[in-house]
Amino acid sequence: MRMSGLRPRISPLTFTFVLIVGCLTVGPVLMLILGSFSRGIGAFGVFTVEKYIRVYTDPSLPKILLNTAAFTVGSSLFATALALILAYLNVRTDIPLKGLFHLISITPMMIPHIVFATSWVLLLNPSNGILNLLLREVLGLKSSPFDIYSLGGMILVEGLLDLPIAYLIIAPAMASFDAALEEAAWVSGGSKFRALRRVTFPILRPAILASLALVIVRSLAAFAVPSVIGMPGRVYVLTTYIYRLISLGFMPDYGRAAAVGVSVLVTSTVLVYVYRRLTARSERYVTISARGYKPAIIGLGRWRYPLSFLTSLLFLVLIVIPVLVLLYVSLIPYVMPPSAKAFSMMTLKHWNYVLHDPLSLRALRNSVFLALVGATLGILLSTFVSYIIVRVKSAGSALLESLAFFSFSFPGLVIGIGFMWFFVRTPLYATIWALLIGYIATYLPYGIRPLTSTFIQISEDLEEASKVAGGGFLYTFRRIVVPLAIPGIVSGWILMASMFLRELSLSAVLSRPGTEVLAVQILRFADDSLWGQVSALGIVMIALSTTMVTLATLVGKHIGKSK
Amino acid sequence: MEIKVSALTKIFRSPSGEEVRALKEVDLTIPANRIFTLLGPSGCGKTTLLRCIVGLEVPDSGEIAIGDTVVWSKKQRIFIPPNKRGIGMVFQTYAIWPHMTVFDNVAYPLQVRRLPREEIRRRVRETLKFVKLEGLENRPATALSGGQQQRVALARALVSEPKVILFDEPLSNLDAKLREETRRELRRFLTELRITAVYVTHDRLEALTLSDLVAVMREGVVVEVGTPLDIYFRPKHKFVADFIGKANFIEGTVESTSEDLIRVVTPMGPIACRRAEGLTPGQRVTVCVRPEAIAIDRPGDTSGGTNTFRGRVVSLLFVGENYEGEVAVGKTILAIKTNPAFPIGEGEEVSVYIDPAQCHILME
Amino acid sequence: MKRWVPALVGLLMCLSFVAFSHGDELLQKALQEGKVVFYANITAVEPIMEAFYEKYGVVAEYTRISTSKYLPTVLTEFGAGKLLADVLQAPVPILEILKKQGVLAPYTSPVASAYPEWTMDPDGIIQIFGIEYVGIIYNKDVISPEEAPKRYQDLTDPKWYGKIVMPNPTSHATTISWLIGLKEKVFETEDEWWDFLQGLAANEPLFVKSFGPTPGPIETGERPIGISMPKYIITHAPAPLDWARLEQPLLGTPRGIALSSVAAHPNAAKLFIDYWLSEEAMKLLVTNVGEYVLYPGVYPPIEGIKDATVLPVRTLSEEELEYWAEKFREIFGG
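First to last, the sequence lines map onto chains P, G and C. Position one of the first sequence corresponds to residue 16 (the working numbering), numbered consecutively onward. Position one of the second sequence corresponds to residue 47 (the working numbering), numbered consecutively onward. Position one of the third sequence corresponds to residue 557 (the working numbering), numbered consecutively onward.
Hints were generated in silico from the structure; no laboratory data involved. Take these hints with a grain of salt, some might be off.
To be verified - A few chain G residues that face chain P, going by a derived Cβ cut-off under 8 angstroms, partial list only:
{"id": "1", "residue": "Ala141"}
{"id": "2", "residue": "Leu161"}
{"id": "3", "residue": "Pro162"}
{"id": "4", "residue": "Arg163"}
{"id": "5", "residue": "Thr332"}
As the list claims (entries may be wrong) - Simulated pairs of lysine-lysine, BS3-like, Cα-Cα distance not exceeding 27 angstroms:
{"id": "6", "chain 1": "C", "residue 1": "Lys611", "chain 2": "C", "residue 2": "Lys625"}
{"id": "7", "chain 1": "C", "residue 1": "Lys696", "chain 2": "P", "residue 2": "Lys157"}
{"id": "8", "chain 1": "C", "residue 1": "Lys625", "chain 2": "C", "residue 2": "Lys585"}
{"id": "9", "chain 1": "P", "residue 1": "Lys157", "chain 2": "P", "residue 2": "Lys356"}
{"id": "10", "chain 1": "C", "residue 1": "Lys883", "chain 2": "C", "residue 2": "Lys839"}
{"id": "11", "chain 1": "C", "residue 1": "Lys655", "chain 2": "P", "residue 2": "Lys78"}
{"id": "12", "chain 1": "P", "residue 1": "Lys364", "chain 2": "C", "residue 2": "Lys696"}
{"id": "13", "chain 1": "G", "residue 1": "Lys209", "chain 2": "G", "residue 2": "Lys130"}
{"id": "14", "chain 1": "C", "residue 1": "Lys839", "chain 2": "C", "residue 2": "Lys739"}
{"id": "15", "chain 1": "C", "residue 1": "Lys585", "chain 2": "C", "residue 2": "Lys611"}
{"id": "16", "chain 1": "C", "residue 1": "Lys739", "chain 2": "C", "residue 2": "Lys638"}
{"id": "17", "chain 1": "G", "residue 1": "Lys209", "chain 2": "G", "residue 2": "Lys223"}
{"id": "18", "chain 1": "C", "residue 1": "Lys591", "chain 2": "P", "residue 2": "Lys364"}
{"id": "19", "chain 1": "G", "residue 1": "Lys284", "chain 2": "G", "residue 2": "Lys130"}
{"id": "20", "chain 1": "P", "residue 1": "Lys356", "chain 2": "C", "residue 2": "Lys696"}
{"id": "21", "chain 1": "C", "residue 1": "Lys638", "chain 2": "P", "residue 2": "Lys157"}
{"id": "22", "chain 1": "G", "residue 1": "Lys292", "chain 2": "G", "residue 2": "Lys50"}
{"id": "23", "chain 1": "G", "residue 1": "Lys383", "chain 2": "G", "residue 2": "Lys70"}
Unchecked claim - Covered stretches of chain G (chain P as the covering partner; in silico rule of three or more C-beta atoms under 8 angstroms from a C-beta of chain P):
{"id": "24", "segment": "66-79"}
{"id": "25", "segment": "143-150"}
Ideal Cβ placement from N, Cα and C applies to all residues, glycine included.
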């Protein structure tokens with residue numbers, strides 16, 4: 016029994032995955048960085064730093080950076096706080112209507128961002144936002160109480176859109192930590208609230224940090240909200256600044272946009288690094304072990320109904336109403352505030368159009384294929400990658416984690432061009448596989464995040480026991496690691512699949528005849544402000560996502576039980 | 047099977063670049079079919095050594111052989127991964143897989159080896175019977191009590207009939223009473239099985255009661271190996287004597303090495319000690335006396351005899367089976383144990399007698 | 557007499573054979589090629605693709621590429637030798653850049669002669685067929701035709717304060733070109749134009765990123781009037797949109813079509829360009845999409861548009877665009 020090397024650690028494995036992930040994510044970003052240093056508008060040209068000088072000496076930049084910081088941190092805090100409350104109530108208390116809460120907290124993920132943002136504009140614009148009009152009526156106000164076109168409005172909507180990311184990271188962590196630790200805190204004399212503050216939250220720290228980091232990174236790259244809500248309010252952030260760079264003139268210089276993108280990339284990389292440092296002593300948070308695996312349910316007592324009423328109300332306003340607006344818009348011939356006239360004019364013509372449009376139907380097929388196959392392959396890759404990130408604490412695994420975030424951290428407006436510059440050199444160009452690979456490469460963190468926080472919580476002993484019992488790496492992976500990580504795997508799959516179903520930034524650049532996808536089709540309608548068609552197709556998308564999410568959750572539960 | 051560890055060194059490197067030498071050139075032979083305990087305070091390297099033997103840690107240099115097979119050697123560039131070493135192991139946390147039933151937990155090592163279904167069922171049943179868990183096959187493993195989980199872990203380690211089984215502080219998560227029961231049971235299991243067992247613990251009582259042989263470790267080095275009796279009564283090192291139980295250490299100089307006893311001059315007077323090899327008059331030594339070897343009596347009854355001193359009771363503490371106390375002989379304070387039925391009180395004058403056979407000279 | 561009749565018949569036959577064979581030959585080759593790939597930034601032209609297939613049996617595949625991604629996409633593909641498009645449609649400024657890069661090949665469609673003289677490229681490469689016309693659009697449920705502006709200057713009336721929507725003039729190139737077009741082609745003096753800009757800015761218009769989102773706020777009444785496109789009256793029907801009948805001309809960026817120099821299906825491409833420029837296709841374009849086209853006598857079914865003067869704006873250089881974007885930022889803020 017001889018081994019080739021002395022190191023039994025999966026260094027060759029780490030190396031393989033560094034290579035795979037590197038190829039996927041570095042290629043496009045590298046192309047963009049090359050472009051940012053090249054004269055002209057392609058990836059290759061005479062070297063120049065002129066683009067950097069131009070972009071970074073812009074006098075409007077400091078204000079934009081300040082806005083960006085406020086926007087991203089604000090959205091991240093808002094999304095994470097909401098997710099914590101929801102996940103706690105949902106997972107750890109006896110609050111009624113749990114399924115509903117779960118569904119509500121992940122609904123925004125299924126709605127195309129541009130549609131969601133527009134929906135909020137209809138509700139809260141200062142001129143005739145439906146909610147504003149209502150409040151003016153009820154409270155007898157002269158002017159509208161809310162102005163969506165503000166930094167606050169942007170944070171509200173972006174925070175809601177990113178809520179699912181936060182929720183899907185925090186809820187599994189909440190579900191799988193050892194309730195005994197909490198019980199210990201009550202027993203030692205603390206109140207339940209104290210236990211929450213002193214024990215529960217610190218244990219959840221990796222998940223909370225992951226959620227904060229991921230939402231910041233995501234909102235750094237967000238475009239829909241900054242353009243639909245920020246631009247009318249004259250609140251510019253980095254992505255709208257980039258948009259200004261590329262939309263000004265017919266020779267859009269993506270190299271210059273990439274020069275701005277580089278600082279976003281650096282920020283994100285630093286964030287990932289800081290996050291790693293903060294969770295370096297991850298052993299402290301190990302909680303799944305042989306003892307106490309089921310989270311204890313906390314009785315809310317007399318707070319049960321008031322609390323559930325309050326949260327229902329909150330989420331009715333925050334999520335259900337915008338979705339209803341969508342349904343409403345899909346049924347009226349053109350967008351107008353609800354009135355007797357509007358209801359009398361209701362029609363199915365947008366639905367008829369969308370459901371008989373061969374292009375929309377083909378887009379639907381392609382998107383479903385990409386979501387199912389892409390998310391499955393993506394989660395397979397993520398499982399290995401996050402395992403290595405958590406378990407193999409080497410320079411290689413740190414590199415792997417940074418790489419995984421690479422194309423994700425680049426603003427979506429630009430990364431598509433990077434992929435195009437990259438894929439055009441391969442035979443994959445203009446095929447559905449280019450989209451598939453691009454999706455996986457860009458949204459890898461969606462799979463990796465929930466899985467790393469899950470893996471951190473699985474005690475390493477459980478794997479070692481399998482190795483000692485004779486299980487090789489893959490056997491252990493299949494029989495121990497994967498089944499224990501099912502909550503994280505399901506979360507990651509759901510995040511990826513619904514992301515792929517509504518992916519826009521890459522698709523808008525890479526989609527060609529035959530490889531149309533839903534979001535591009537929606538964008539085509541949105542570009543002409545055909546909100547009826549946009550809404551109808553948007554609802555189709557939500558329905559599809561909901562079906563997928565429900566099935567995935569059921570399958571996850573089934574696997575969890577049968578094992 | 048015998049386990050032979052030679053010149054084993056293991057260095058841990060923290061991300062910030064600090065190096066911790068967990069094992070320093072450790073040489074150790076663990077004889078076949080014995081219960082061998084690695085004992086030491088936390089951080090002494092005992093668990094690291096165990097993990098090196100099973101293959102969960104990779105040493106930095108040296109060699110490990112199990113039976114005739116070299117499982118790790120720096121020089122020969124051999125590394126056999128843990129899953130190929132055929133060793134059973136019980137983890138401190140038990141590492142019971144929470145998503146499986148008791149049956150699946152125990153059957154796992156056999157399933158890995160792809161044995162026929164029927165045989166797996168039979169052997170799991172036998173093993174569960176052996177550890178007295180029959181009838182619990184279909185319970186989820188997490189629904190068991192701590193003691194039962196511990197036995198599932200044992201069954202899992204035994205089911206594939208390994209030649210070597212390793213224990214990493216398996217009793218530390220049990221309450222005191224259960225720990226005592228389990229310890230006794232474990233001793234029975236292991237004696238019946240005739241298997242090489244390596245047992246890691248920081249609990250000296252566990253080490254003494256369970257083992258055939260004990261190796262005491264300290265800061266990455268094996269200080270001493272011996273039977274529990276040797277280690278307890280005839281330790282060679284002060285560290286071992288101190289670690290294995292309460293002891294009085296009295297510094298002194300060898301005066302004579304006459305036939306049967308050795309005389310050591312100490313601040314509390316001359317003490318006659320049990321013979322030891324290699325001592326010369328004038329040598330500085332430490333005399334080790336266990337508290338239970340010190341007899342307390344009324345003053346004056348046996349005055350003037352060998353190893354009889356006058357002292358005064360400084361403190362007394364009732365601990366159930368006996369009193370634990372301190373007696374001052376001159377400026378030397380001795381820890382003692384007395385029968386609670388014996389009526390003395392703090393501050394009283396007493397006569398102190400130490401059996402020369404129980405005065406042990408440490409070489410260090 | 558008897559001798560020249562067969563000769564005449566023969567001659568006629570020959571002539572008609574030649575004439576037919578040109579069309580026939582192209583169609584035959586196009587059918588062999590089977591399909592044509594069309595890159596366009598114009599939206600909702602699927603009916604034309606379908607009609608083309610119905611008529612000739614050649615599949616037309618259409619990819620919509622937005623203006624901001626048009627050049628990078630086409631130039632990247634072209635640079636890598638993988639340009640999929642056979643026919644390219646885009647605003648003229650973009651086609652001009654592509655022409656300089658050698659992406660386009662000369663082709664003069666026989667149908668082109670029907671178009672005005674100025675629409676033809678002297679090099680025979682780009683054929684202009686329409687104008688992306690911009691106008692003042694309002695919600696007729698909120699604003700009566702009498703109230704609606706008669707001249708561009710009317711938009712500076714304080715009664716429109718907080719009621720106007722328009723694409724962002726500090727970043728949207730088409731809007732910048734349009735404003736410069738006003739200066740050069742509509743306003744009598746530059747001062748008048750500056751006053752117009754100041755007055756417009758004082759009314760604090762709502763900025764959206766391009767023309768696409770402009771009709772939204774108009775039809776909901778959030779901003780009942782705006783600088784937008786009359787074609788939305790068609791595409792958004794039955795929304796209560798109407799266009800302000802201005803005394804002054806309407807302006808817009810010219811739209812062109814051209815053949816790719818590396819077309820994989822050159823014959824199908826030519827057939828497609830011929831069809832695109834035909835009266836039939838142009839009628840589809842105006843009826844379905846409300847586009848303003850330059851085929852004589854073909855107008856979108858928008859009341860009164862026949863009588864409007866629609867002029868193309870010139871192509872601004874990159875430097876000009878940046879200069880004016882900066883200027884407009886000073887005036888409008890943001």
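Status of the hints after comparison with the structure:
For Ala141/G, the interface hint holds, since its Cβ comes within 8 angstroms of a Cβ in chain P; the closest pair sits about 4 angstroms apart. The restraint placing Leu161/G at the interface with chain P is violated, with a minimum CB-CB distance near 11 angstroms, outside the 8 angstroms limit. Taking 8 angstroms as the C-beta contact cut-off toward chain P, the hint placing Pro162/G at the interface is violated, the least distance being around 16 angstroms. The interface hint given for Arg163/G is violated, since its Cβ lies 16 angstroms from the closest Cβ of chain P, which is over the 8 angstroms cut-off.
Proximity of Thr332/G to chain P is violated relative to the hint, the smallest CB-CB distance being about 40 angstroms (cut-off 8 angstroms). Distance restraint check for Lys611/C and Lys625/C: the Cα-Cα separation of roughly 32 angstroms exceeds the 27 angstroms cut-off, and the hinted pair is therefore not satisfied. Restraint check for Lys696/C and Lys157/P: satisfied, since their Cα atoms lie roughly 25 angstroms apart, inside the 27 angstroms limit. Between Lys625/C and Lys585/C, the direct Cα distance comes to roughly 32 angstroms. Violation of the 27 angstroms bound is thereby established for this hinted pair.
A C-alpha spacing of about 26 angstroms is found between Lys157/P and Lys356/P, which places the hinted pair at or below 27 angstroms, so the restraint holds. At most 27 angstroms may separate the alpha-carbon atoms for a hinted pair to count; Lys883/C and Lys839/C exceed this at roughly 40 angstroms. For the given pair, Lys655/C sits about 40 angstroms from Lys78/P by alpha-carbon distance, which is inconsistent with the 27 angstroms threshold. Distance hint between Lys364/P and Lys696/C is fulfilled; the C-alpha atoms sit about 23 angstroms from each other, no more than 27 angstroms.
Simply put, Lys209/G and Lys130/G have alpha-carbon atoms about 13 angstroms apart, close enough for the 27 angstroms limit, and the pair holds. A C-alpha spacing of about 32 angstroms is found between Lys839/C and Lys739/C, which places the hinted pair above 27 angstroms, so the restraint is violated. For the hint linking Lys585/C to Lys611/C, the alpha-carbon distance of about 15 angstroms falls within 27 angstroms, and the restraint holds. At most 27 angstroms may separate the alpha-carbon atoms for a hinted pair to count; Lys739/C and Lys638/C exceed this at roughly 41 angstroms.
The straight-line distance between the Cα atoms of Lys209/G and Lys223/G is roughly 30 angstroms, outside the 27 angstroms bound, and the hint therefore fails. Restraint check: the Cα-Cα separation between Lys591/C and Lys364/P comes to about 31 angstroms, which exceeds 27 angstroms; the hinted pair is violated. A distance of roughly 40 angstroms separates the Cα atoms of Lys284/G and Lys130/G; the hinted pair therefore is violated under the 27 angstroms criterion. At roughly 15 angstroms between alpha-carbon atoms, Lys356/P and Lys696/C fall within 27 angstroms of each other, so this suggested pair holds.
Between Lys638/C and Lys157/P the alpha-carbon distance is near 60 angstroms, which puts this suggested pair outside the 27 angstroms criterion. A hinted pair counts as satisfied when its Cα atoms are at most 27 angstroms apart, and Lys292/G with Lys50/G does not qualify at roughly 32 angstroms. The suggested pairing of Lys383/G with Lys70/G is violated, with an alpha-carbon distance near 38 angstroms, which exceeds 27 angstroms. Interface restraint, the segment 66-79 of chain G with chain P: violated (0 residues with C-beta to C-beta distance below 8 angstroms; minimum three).
For a cut-off of 8 angstroms, the count of residues in the segment 143-150 of chain G with a CB near a CB of chain P stands at 4, and the three-residue condition holds.
Checked against the numbered hints given earlier, this structure breaks hints 2, 3, 4, 5, 6, 8, 10, 11, 14, 16, 17, 18, 19, 21, 22, 23 and 24; the rest are met.
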